[in-house]
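Protein chains in written order, with the working numbering: chain S, 406 to 706; chain G, 15 to 287; chain H, 23 to 303.
Calculated from the structure, these hints are not laboratory results. Each hint should be verified, as a subset may be incorrect.
[As the list claims (entries may be wrong)] If you want the footprint, here are the derived chain S segments under chain G, 3+ residues with CB under 8 Å: (1) 519 to 531; (2) 540 to 547; (3) 551 to 563; (4) 574 to 582; (5) 602 to 611.
[What the hints assert, rightly or not] In silico DSS-like cross-links for lysine-lysine, where the CA-CA straight-line distance does not exceed 30 Å: (6) Lys52/H <-> Lys607/S; (7) Lys271/H <-> Lys291/H; (8) Lys607/S <-> Lys271/H; (9) Lys201/H <-> Lys607/S; (10) Lys201/H <-> Lys271/H; (11) Lys449/S <-> Lys182/G; (12) Lys691/S <-> Lys52/H; (13) Lys182/G <-> Lys443/S.
Even for Gly, the Cβ is constructed at its ideal location relative to N, Cα and C.
The residues making up each chain are set out below.
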Amino acid sequence: MTTLSSTPEVPLRSSLDSLPGVDSEEQRASDVSLDRVKRKRVLKKNTRLRIARYTAILVFLGAWQLTAVFLAPVFLSTPIRAIVAFYDLMANGTIERAVGVSLFILAAGIVCAGFFGMALGTIMGRTQTLERALDPLVSFGNATPSIALLPLMVIWFGQGKLAAVVFIFIIGFWQMVVNTLAGMRVVRLGYRDVGTSFGMTKWEQTFRIYLPATQPFIFAGARIALAQCIVGMILAEQELGQGGLGDIVNSYGTYFQTDNLIAAIGATCMLALLLFASLRLLQRRKFPWIQATSASSRSSR
Amino acid sequence: MSLGTAQVNNMNRVKAHKHRKARNRVSYIVLPLVAVVILIGLWELVGHFTNPLFLSSPIAVARAFANILTHRQTVSSLLQSLREMYLGLVLGVTIGFTIGIFIGRFESVNNVASPFVNVLNATPLIVVIPLLVIWTGIGMQARVVFTMLVTTFPMLLNTAAGVRNVHKGYVEVAATLGLSERATLFKVAIPAAVPYVLAGLRSSLSLAIIGMVVGEMEVSSIGVGWLLIQYGDGLQTAFLLALLMITSIFGVLNVTALKIVERTVFKWTTSTR
Amino acid sequence: MTSSFEASAGLGTSPATYGSTNAFEPPVLKVRGINKVFSGQERDVVALESVDLDVAKGEFISLVGPSGCGKTTLLRIIDGLDFADSGTVELEGKRLDGVSQDMAYVFQDINLLPWRSVRGNVEIGLEARGVAKAERQRIAREFLEMVGLKDVMDVPPYTLSGGMQQRVGVARALAVRPKVLLMDEPFGQLDNFTREALQAEVAALWSQLGITIVFVTHDVDEAIFLSDRIVVMHRNPGQVVEILDVHLKRPRTQAEFRAEPETIELRSKITALLRSQEGGL
Chain S
406 MTTLSSTPEV PLRSSLDSLP GVDSEEQRAS DVSLDRVKRK RVLKKNTRLR
456 IARYTAILVF LGAWQLTAVF LAPVFLSTPI RAIVAFYDLM ANGTIERAVG
506 VSLFILAAGI VCAGFFGMAL GTIMGRTQTL ERALDPLVSF GNATPSIALL
556 PLMVIWFGQG KLAAVVFIFI IGFWQMVVNT LAGMRVVRLG YRDVGTSFGM
606 TKWEQTFRIY LPATQPFIFA GARIALAQCI VGMILAEQEL GQGGLGDIVN
656 SYGTYFQTDN LIAAIGATCM LALLLFASLR LLQRRKFPWI QATSASSRSS
706 R
Chain G
15 MSLGTAQVNN MNRVKAHKHR KARNRVSYIV LPLVAVVILI GLWELVGHFT
65 NPLFLSSPIA VARAFANILT HRQTVSSLLQ SLREMYLGLV LGVTIGFTIG
115 IFIGRFESVN NVASPFVNVL NATPLIVVIP LLVIWTGIGM QARVVFTMLV
165 TTFPMLLNTA AGVRNVHKGY VEVAATLGLS ERATLFKVAI PAAVPYVLAG
215 LRSSLSLAII GMVVGEMEVS SIGVGWLLIQ YGDGLQTAFL LALLMITSIF
265 GVLNVTALKI VERTVFKWTT STR
Chain H
23 MTSSFEASAG LGTSPATYGS TNAFEPPVLK VRGINKVFSG QERDVVALES
73 VDLDVAKGEF ISLVGPSGCG KTTLLRIIDG LDFADSGTVE LEGKRLDGVS
123 QDMAYVFQDI NLLPWRSVRG NVEIGLEARG VAKAERQRIA REFLEMVGLK
173 DVMDVPPYTL SGGMQQRVGV ARALAVRPKV LLMDEPFGQL DNFTREALQA
223 EVAALWSQLG ITIVFVTHDV DEAIFLSDRI VVMHRNPGQV VEILDVHLKR
273 PRTQAEFRAE PETIELRSKI TALLRSQEGG L
């Protein structure tokens, strides 16, 4: 009888590249057990697929460029104009400054969210009384669109960076609590038996069995929290200024500087991609067992 | 040991077990109540010592809550928000589901689409809002399109994963029974993907509220998001907190509704997974 | 409150066996009057009903029975992983309450912790006993060497084959130097060849280390090959039906023991006992 009203995200694929698709063909191509003819055929297929992929990207960019013929540049700009604008903004340091500010706010918020969220999730997961008492509150907190808290944060912490950091903290916090708690609840009975059988204390079991076993859920939560915190970061900057990415996106929009706007959107996009990639890299390097033992990664077509 | 005493012992054990169960049920109700009472008490206490601008008392918030739900202007704002949210959600989910099926089913489509999908998915779509405003102005369209964009991706990714990961055995059953490609898709692959689709719908639902609030905060003169900004600017903390609670209730209702649908319409998904 | 099987088990009325049950030494493990009921939605299942068992020091004893006869539950209760509704477990005359540091458990699904290396898995029991790091490493190396896995000490466990994983499981349990080793269908998930190889290894380790082993299995031949005594169990309610002595001389080999007349006799006797229960459901 669990009362968590919103089901936490279990580790689920979050991008198409992690699907067994083109990339698994590459892996199969490198498989030693494949005979040569087959390998050649797979490689050929890969090349074909890659050509199709890059052609599509080029066609997209070409079509975008061609819209300039009949659309005023203020609507869509063009890839060339956007790239030029991006170069200029990089050259005069606008983007670097904005990224620096944004990253600072984001990192401060999300690190706190990760630490305190995991701490509360762990304590709740290991103390039945606390779990039962706080479960409805956590569900309610998680169901609240934390994004709506921004005006309140401004009242409490003023129009500054502190409001933005606390705002991001709250957004990430609930997700981390919910995912840590969900992971604690489903720690494999067998792992728990190992701890019990060797006579570990409750404290030892928490740190040597429960927390490590919960890592897949923690990482899944971190991915979702990161996505939501980036949104929170942009929103906070749009409302509060402070010169971050959200701030410059907003002002370029307001003044119809579409070239700069698209360049800034591109920068935000790259930053987000980079952050997600770092998280994935951290997981692969430091916690390789998550990937290796998840059932989905073994599924082959 | 005679059988008689064994049975008595047995019955005692069963009784004790039932007793324990009943106590469990009580603790599920009592403990959260205690926590809520403590929280409200703390709130009231802190409220006494701080400026009501920072934290209004629970009573003031309750009054504001009633106020919001009885005034025509605020109620119409709430309704407008709901309308936009569900319109965007329906559009986004439909588009995501359709594209997701194609991407999951055809490797060529996946191959071409995945760079675009991956980049758009990683982009915090909120940065696109100024662009949407340039295209459609600051009306309802921009907000609906934004909610639509936000809700498309979870649905798309999950549907694609679901269709792609259909248990190989099911597909082979369909093949040996001579089902056509099309029949396999509609009778095997899509039904088998339902658990994934529901997971996608769940994410889309929670993102729809965020999309609605954000869209209205950025571009609007109506709706929940706009009201939040107004209350914030006017330092009307009681109203702000009351509206936050209303938003949470939206969220809880959405999730609960989906859960009921899952339990009744798609009962099998919970039993086979 | 003395049941018939207890007499044959603990009090040495059975003929003398080869270095196993000793009538004059008190049993290392003494199980008395264990009851355990699992209450289900519709009806309660009596997993164990007044089960008594004595295990002699240095003995290899197997629990055999159909699934659902409570043999795993009994083993878990002995280790303290589950609690009995009533009854007692005594180790060397001391009544146990909860988990004992003097016993170790080998699990059916192995349960190696994937976030630790092979060596880290073997060390975990030593960590719980507060053994210093250098000493832990030395012991882990020693026992991994004993099961022939010294070369894969630093790899993650999920890269090993099933048989190798269970070797790690055995090393992990042995590393804490238990007085009694509890093994719960440890080879149930392995293929035939691997299973037979591991059976021989466990038999060798048992005689080399001189420990006491309680072994749960549903494989009759496995029980005969390994054991000094075989406890045949019954399901619903889970009870001990009979305890049989195995007199086959050691060391036994997989090739020879199957054809021994005693093996054939024991096998048909146990099979008959198990088959007679089938009507019970």
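Okay, the hints, checked on the actual structure:
1. By the rule of at least three residues with a Cβ nearer than 8 Å to a Cβ of chain G, the coverage given for the segment 519 to 531 of chain S is violated, with 0 such residues.
2. Counting residues of the segment 540 to 547 of chain S whose C-beta sits closer than 8 Å to any C-beta of chain G gives 5, which meets the bar of three, so the coverage hint holds.
3. Residues of the segment 551 to 563 of chain S with a Cβ under 8 Å from some Cβ of chain G number 9, which satisfies the need for three, so the listed coverage holds.
4. By the rule of at least three residues with a Cβ nearer than 8 Å to a Cβ of chain G, the coverage given for the segment 574 to 582 of chain S is violated, with 0 such residues.
5. Taking a C-beta to C-beta cut-off of 8 Å, the segment 602 to 611 of chain S contributes 0 residues in contact with chain G, too few for the three needed, and the coverage statement is violated.
6. Pair hint Lys52/H plus Lys607/S holds up; C-alpha atoms about 28 Å apart against a cutoff of 30 Å.
7. For the hint linking Lys271/H to Lys291/H, the alpha-carbon distance of about 19 Å falls within 30 Å, and the restraint holds.
8. Distance check on the hinted pair: Lys607/S and Lys271/H sit about 45 Å apart at the alpha-carbon level, beyond 30 Å; violated.
9. Distance restraint check for Lys201/H and Lys607/S: the Cα-Cα separation of roughly 24 Å lies within the 30 Å cut-off, and the hinted pair is therefore satisfied.
10. For a cut-off of 30 Å, the pair hint linking Lys201/H to Lys271/H stands: about 24 Å separates their Cα positions.
11. For a cut-off of 30 Å, the pair hint linking Lys449/S to Lys182/G stands: about 26 Å separates their Cα positions.
12. For a cut-off of 30 Å, the pair hint linking Lys691/S to Lys52/H is broken: about 46 Å separates their Cα positions.
13. Distance hint between Lys182/G and Lys443/S is fulfilled; the C-alpha atoms sit about 22 Å from each other, no more than 30 Å.
Hints 1, 4, 5, 8, 12 from the list above are not met by this structure, while the remaining hints are.
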